Each structure stands twice: as structure tokens, then as C-alpha cells.
Amino acid sequence: MFDRVIKTLTEVRHVPDLRKCLISLGILDASGCTFTGSDDTIKVKKGALVVMKGEKIGSLYRLIGETITGDAAVTSFLDNDNTML
Numbered sequence: 000m001f002d003r004v005i006k007t008l009t010e011v012r013h014v015p016d017l018r019k020c021l022i023s024l025g026i027l028d029a030s031g032c033t034f035t036g037s038d039d040t041i042k043v044k045k046g047a048l049v050v051m052k053g054e055k056i057g058s059l060y061r062l063i064g065e066t067i068t069g070d071a072a073v074t075s076f077l078d079n080d081n082t083m084l
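Numbering (our numbering), first residue to last: 0 to 84.
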């Protein structure tokens, strides 16, 4: 949202040729999220933490924030310190 934190969605589906990214509330519900909506906005919460907000445009809610797509960056760390004292 506005805190510049990047959140990664798992259990996603790919629809070829679809120009917009859709987020399944059913998948979020299965992962323990709850939803509240009023005044043309929706909040998705996990426990007490609001993880997403959206605004209603027509009959769909649009995520407030940015969608980042692409490859994942993976780092690894090898703790192989053979320092002799």
C-alpha cells in the first residue's frame, strides 16, 4: 500500500492475453484473510493487519497500489567461515 512494502502473492493463476491482473478473494479467504467493504472501498485483512485496500470502479475493486510483475530475485548465503584463531 503506502508503506512501500512489497507483498508476494502465492497460489496465483495465469490467464493468457488478460491485460489486467486479477486477485482471487477465494484464494485469500483460504489463506486466512477477511474482507470488509463500505463506501466503495474494500479492505483485506490478515488478523489485525490490513494487507490490501481497493476502490470500487463499476462492479470491480481496483487495488490501491502498484502491481510488479517479472522474475523473482533469489539470494543465498553460505556460512562457511573457516577462520582459525
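In short, the hints are calculated from the structure, not lab data. Accuracy of the hints is not assured; some may be wrong.
What the hints assert, rightly or not - Here are the simulated lysine-lysine pairs, BS3-like style, with alpha carbons at most 25 angstroms apart: (1) Lys-44 - Lys-19; (2) Lys-55 - Lys-6; (3) Lys-44 - Lys-6; (4) Lys-55 - Lys-42.
Just so we're clear, the structure is a prediction, and the values are computed from it rather than from any experiment.
For each hint, the structure was consulted:
Distance hint between Lys-44 and Lys-19 is fulfilled; the C-alpha atoms sit about 23 angstroms from each other, no more than 25 angstroms. Distance check on the hinted pair: Lys-55 and Lys-6 sit about 21 angstroms apart at the alpha-carbon level, within 25 angstroms; holds. Taking the CA atoms of Lys-44 and Lys-6, the gap is near 13 angstroms; set against the 25 angstroms cutoff, the hint holds. Restraint check: the Cα-Cα separation between Lys-55 and Lys-42 comes to about 11 angstroms, which is no more than 25 angstroms; the hinted pair holds.
When the structure is compared with the earlier hints, no violation turns up for any of them.
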